[in-house]
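Peer 1: Those protein sequence lines, which keep their order, are chains A and B.
Numbering of the first sequence is given in our numbering, commencing with residue 37 and proceeding in unit increments.
Numbering of the second sequence is given in our numbering, commencing with residue 57 and proceeding in unit increments.
No wet-lab data here; the hints were simulated from the structure.
Derived BS3-like pairs: lysine-lysine, alpha-carbon spacing no greater than 30 Å straight-line: (1) A:Lys178 x A:Lys314; (2) A:Lys178 x A:Lys313; (3) A:Lys66 x B:Lys98; (4) A:Lys313 x A:Lys288; (5) A:Lys63 x B:Lys98; (6) A:Lys288 x A:Lys300; (7) A:Lys288 x A:Lys174; (8) A:Lys313 x A:Lys114; (9) B:Lys95 x A:Lys63; (10) A:Lys178 x A:Lys114; (11) B:Lys95 x A:Lys66; (12) A:Lys313 x A:Lys174.
Just so you have them, the derived chain B footprint on chain A, three or more residues with Cβ under 8 Å: (13) 136-147; (14) 258-265; (15) 275-285.
Everything numeric in this text was worked out from a predicted model, so none of it was measured.
In this text, a Cβ means the ideal position worked out from N, Cα and C, and glycines have one as well.
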Amino acid sequence: MNAALEHALQDWYPVAMVGELAPGECKHSKLLGVDITVLANHAGNATESTPTITVRADGAPVDVQQAFDHWWVCLGNKPRSLFTIEEASEADRRFVPCGVVRVACSPLRAVENFLDIAHFPFVHTGVLGAEPHTEVYKYDVKVDESVDEVIATNIKFYQPQAAKSAEGGIQTEYIYRVPAPMAAVLYKTCPLKPDALDVIALFVQPLDEQTCDVWPWMALYDDTSTQAELIQFQQLIFLQDRSILENQLPKKLPLDPGQEIPTKADYTSVAYRRWLKKRGAYYGALEVHP
Amino acid sequence: MSFTLHDYVLSGNCYKVRLLAQLLEVSYTINPVDFHPGKAHKSPSFLALNPHGTLPVLESGDTVLTDSAAMLVWIAQQHDKQHTWWPINDAECLAMTVQWLGFSSQLTESIGQLRLHTMLNRPADAETLRRQSIRHLRELENHLTEQSIRGQAFLCGKQPTVADIACFAYTALSPDAGLEHTLYPGIRGWLHRIRCLEGFLTMPGIYEAHETRNEHTAAS
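Bound-form chain A, shown alone (with noise of 0.2 Å):
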């Protein structure tokens, strides 16, 4: 087995919202090359209002668990802690799963566009940007050692709609996450509650090297928008993103500074790629040039 793969194996990743099938239902997907069975379990008693699942790996039952209204997969048999979202256990947010989207790109690829701010104005014109606002300020990245994650922090940028709550255009600040290789947090600026952060979270399942389901999750403070609005607001914004994706050459994420030539608003992506070369977390990226 190559070295890649076998990183990329001892990570949880997504592969169902909790809820989304029935009891008895059946789906099948794929995880790193391999497909997998999901079954969700008839219920064990009358109370639980949520199936358990039973995910097979190649006809083989794997370790399953739950967390940010997912069930997430490990196939690995040294599988690496999950990483948390402390704002998953406040009650009084908003929690939105929005469903999966299908994308023909490498997953290390979908994370990277996530974490890029210079796009708004071009790709989410009129709502996570707008010309001539399209200046990337002066931002601070680094790799924090104590829980080995990517932050990017003072991140400002002016939006014409920041969220679904926005009513006109604000500066918004973000800070971005990178807490595994294959997902990324973003805590943005709330309009509805200035002194919060909103929390929007991508999860990838990469399906192979050069495939991905992705699932956007949010932990929002906004009493006023229906749940539909809210998840369609995300997957406007996402779906944007998605015929940006499929066209990025080459397929795979270029970890070798030289293949792709970044500028000073590409930090975040510089810092994720040196990131995953360190870790050796090659799985979906072209092989490295020594």
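Given chain A, put chain B in place with the hints provided.
Peer 2: Same frame as chain A, but now just chain B:
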């Protein structure tokens, strides 16, 4: 008459109605329906409104329409005083418009279904849908090429009709289903002409033309 559109943001059929309403400056209310992942269009309350369980649905007073082509006709007939979008004064053009509205529902069944499969993992026979989609794109390409030889920029004549709007949506969205426009120069030119119409509306996968984008920026 104003109306309520029961809408899903990623639906090509819903987009047709939003696009024509925007082009004709008709105001309306949107009711977002959780098509994905919630499957709210199959819920009992929605089925009571539309037994087909499809989106969009247009509601205005006692009028309930469940077919997007019918909605386009309903909007154009009331709001286009020039009668170019629904060309009731030109027998030839009107008949062509009805014919291409029919073709647009075939696009929904081919490219539309393939797109749902490719993007939202809806079960489907992808190979068959792909073959049908390519056949439809070729048919459209041939027609548009012939139209350009006749000096006609749109499907049914020199002016766009509701049939152009109806066929535009899933044709423009075909890259979502893995079908690029590279092979179809006639289609590319036609898509571009529609994107340049005054008041054009985008959706994910369908972007503003760069030319008009610069104009709008300069104006604002």
